[in-house]
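Take the sequences, apply the hints, and build the full model.
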Amino acid sequence: MRNVKISTRLYSLVGLALTILVLAITFFLNYSHAKLESERKHGLAQMDATAIAIFQKYYKLEQSGAMTREQAQTASKEVISAMRYGGNGYFWINDMHPRMIMHPIKPELNGTDLSQNKDPTGKFIFVEFANTVKKSGEGFVDYYWPKPGAADPVLKYSHVVGFEPWGWVVGTGVYADDLAALYRQNAIWAVGACLIGAIVIIGVAFGIVRSVTSPIARLKGAMNAIADERDVGEIVDHERRDEIGAMAKSLLVLRDSVRERTLMRDRESQHQLQIEEERRGNEANWRSAADRQTFAIQSLGAGLEKLAAGDLTVSIGDLGDDYAKLRSDFNSAVDALNGVIQAIAESTRVVNDSAGNISAATNDLSKRTEQQAAALEETAAALDEITATVRTASERAAEAREMVAETKTSAGKSGEIVRNAVTAMNRIEDSSNRISQIIGVIDEIAFQTNLLALNAGVEAARAGEAGRGFAVVAQEVRELAQRSANAAKEIKVLISTSASEVGNGVTLVRSTGDALLEIEELVNRVNNHVASIATAAREQATGLNEINTSVNHMDQMTQQNAAMVEETTAASQTLAEESRQLSTLLANFRLRAARGNGAGRMSRAA
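Under the working numbering, the sequence shown has 39 at position 39, and the numbering climbs by one with no breaks.
Read the hints as simulated data drawn from the structure, not as lab findings.
Just so you know, these numbers come straight off a predicted model, no measurement behind them.
Careful, some of the hints might be misleading.
Claimed, not checked - Result set (PhoX-like, lysine-lysine): computed pairs, CA atoms no more than 20 Å apart in a straight line:
#1 134 x 123
#2 77 x 60
#3 106 x 135
#4 135 x 123
#5 156 x 35
#6 57 x 77
#7 147 x 123
#8 156 x 106
#9 106 x 118
#10 123 x 156
#11 41 x 106
#12 118 x 156
#13 106 x 77
#14 118 x 77
#15 41 x 156
#16 77 x 249
#17 249 x 220
Right, here's the structure in full:
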């Protein structure tokens with residue numbers, strides 16, 4: 001519809017209206033024909049009802065005795081024969097045989113047998129009348145029958161009704177061509193009215209279309225002139241109050257805008273000419289400045305490319321006075337970044353060395369703990385033997401002297417073992433203290449590394465886009481330092497707990513040594529007090545049970561110390577691995593020679 005002209009659209013509406021009008025007339029004619037036929041059939045039924053009323057009148061006279069049946073039927077036939085309506089409408093009477101009783105138009109049929117009478121279509125007319133009455137009492141029958149005064153039969157619609165007392169059938173009908181004549185008359189009137197209405201509609205529509213399309217055509221011409229920047233002149237339709245007038249007013253505004261734009265374009269052309277002259281005058285200066293700017297951008301791009309590749313030895317040469325600050329800022333940022341990376345590398349080396357020392361110390365501590373556990377096992381075994389000996393001594397008083405000598409010897413050995421255990425526990429305590437000091441150093445190193453990583457991140461943020469990659473590395477270093485600090489704290493807590501438990505072990509071993517000394521004194525006294533050996537043996541057995549319990553507890557503590565030492569070893573190995581990863585990350589940077597040494601660059605395989 002967008003490509004269809006407005007006039008075509010309006011004429012389409014007119015065509016649609018005419019189509020609707022034709023459809024309405026067609027519907028009206030069909031409806032009027034059906035209604036006319038229905039009214040005529042209803043009229044035929046009413047006419048037959050009038051004839052039946054006449055039959056009933058004379059039938060009552062017959063019943064009252066005023067007339068005989070023959071007189072009543074004769075009078076009825078005379079009345080029905082004389083009845084007419086509509087110019088050529090009449091009634092006939094036949095019986096159920098069928099036999100013609102009375103026919104006013106064709107009296108020669110009166111009294112004849114009609115059972116074989118049929119129309120040109122082969123329909124037995126009067127037999128159909130009789131069958132209709134027998135079936136329904138009354139009804140309509142269509143057939144062909146000649147009109148009065150004519151020989152050729154035409155289509156006719158008849159209504160028949162039976163009068164049962166006399167066995168008669170009375171009927172009347174209407175010819176189809178009479179209905180057709182009325183229908184044609186109505187059709188002519190309707191078509192004439194339709195044509196008049198169509199002519200009026202077309203005329204009005206033509207006027208409306210012309211009143212719309214003509215101004216639009218003028219507006220179109222004005223628009224084309226405005227588009228071609230030609231003089232439009234006066235727009236005549238702007239005083240109208242309809243949509244055309246609104247369009248014309250808008251076109252006036254557009255015309256004025258185009259005129260103003262044309263003037264502005266002319267002024268702009270003049271201004272462009274002036275600018276072009278100035279541009280030509282300054283083109284040499286611009287070209288020189290552009291060359292300097294291109295050289296500065298290329299130098300900065302090359303420096304940033306090397307910096308992104310991890311080369312911290314890069315620097316920018318002379319760029320001229322216009323870009324001196326850019327050169328100075330870039331070189332200063334690279335120098336600061338180089339110093340930070342060197343500091344981080346040195347801290348990483350220290351962390352690596354400390355991790356190696358911690359690992360060696362923990363391995364040594366592990367071996368000593370194993371030795372302590374073996375000594376405690378020997379002590380427990382010796383105490384078991386002493387307990388058995390004391391019990392045997394109480395049972396064998398007769399052999400007390402020989403057993404006293406053996407007991408004295410065993411007590412001396414036990415004292416020596418306990419003294420050795422005390423010495424070993426003291427060494428463990430000293431080792432724990434040294435490990436605590438080493439852990440403190442690791443914690444301080446991790447703290448310093450964290451500060452260096454934080455400073456490196458700040459410097460990378462100041463460097464902007466060029467320091468983004470280094471900021472990620474600094475963040476990784478900071479996280480590794482934090483993890484190292486956490487591991488050192490955990491090791492410190494474990495070492496403190498181990499030292500406390502070792503102190504308890506030392507106390508218990510010392511108590512064991514004192515008890516063994518007392519046993520040795522008791523053994524010496526046994527030589528002089530054999531009589532009291534049983535009582536002393538029982539007391540010694542009780543003391544030995546307590547000592548055995550203490551030694552077993554010390555053995556458990558020693559096993560726990562061994563487990564803690566293994567955890568310390570694992571933590572130190574983790575610290576060493578994290579330090580190696582940090583060194584691997586730092587190997588991606590190429591550094592300048594550090595102050596105070598002759599190293600020119602950091603090895604990428606470090």
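Here is how each hint holds up against the structure:
The suggested pairing of residue 134 with residue 123 holds, with an alpha-carbon distance near 17 Å, which does not exceed 20 Å. Restraint check: the Cα-Cα separation between residue 77 and residue 60 comes to about 15 Å, which is no more than 20 Å; the hinted pair holds. Simply put, residue 106 and residue 135 have alpha-carbon atoms about 27 Å apart, too far for the 20 Å limit, and the pair is violated. Taking the CA atoms of residue 135 and residue 123, the gap is near 18 Å; set against the 20 Å cutoff, the hint holds.
Between residue 156 and residue 35 the alpha-carbon distance is near 17 Å, which keeps this suggested pair within the 20 Å criterion. Taking the CA atoms of residue 57 and residue 77, the gap is near 13 Å; set against the 20 Å cutoff, the hint holds. Using a Cα cut-off of 20 Å, the hinted pair residue 147 and residue 123 holds, with the two alpha carbons roughly 18 Å apart. The straight-line distance between the Cα atoms of residue 156 and residue 106 is roughly 16 Å, inside the 20 Å bound, and the hint therefore holds.
At roughly 15 Å between alpha-carbon atoms, residue 106 and residue 118 fall within 20 Å of each other, so this suggested pair holds. A C-alpha spacing of about 13 Å is found between residue 123 and residue 156, which places the hinted pair at or below 20 Å, so the restraint holds. Between the alpha carbons of residue 41 and residue 106 the distance comes to roughly 23 Å, so the proposed pair goes past 20 Å and is violated. For the suggested pair residue 118 and residue 156, the alpha carbons sit about 13 Å apart, so the restraint of at most 20 Å is met.
For the given pair, residue 106 sits about 14 Å from residue 77 by alpha-carbon distance, which is consistent with the 20 Å threshold. Distance check on the hinted pair: residue 118 and residue 77 sit about 24 Å apart at the alpha-carbon level, beyond 20 Å; violated. Distance check on the hinted pair: residue 41 and residue 156 sit about 11 Å apart at the alpha-carbon level, within 20 Å; holds. Restraint check for residue 77 and residue 249: not satisfied, since their Cα atoms lie roughly 89 Å apart, outside the 20 Å limit.
As the CA atoms of residue 249 and residue 220 are separated by approximately 14 Å, the hinted pair is consistent with the 20 Å bound.
Hints 3, 11, 14 and 16 from the list above are not met by this structure, while the remaining hints are.
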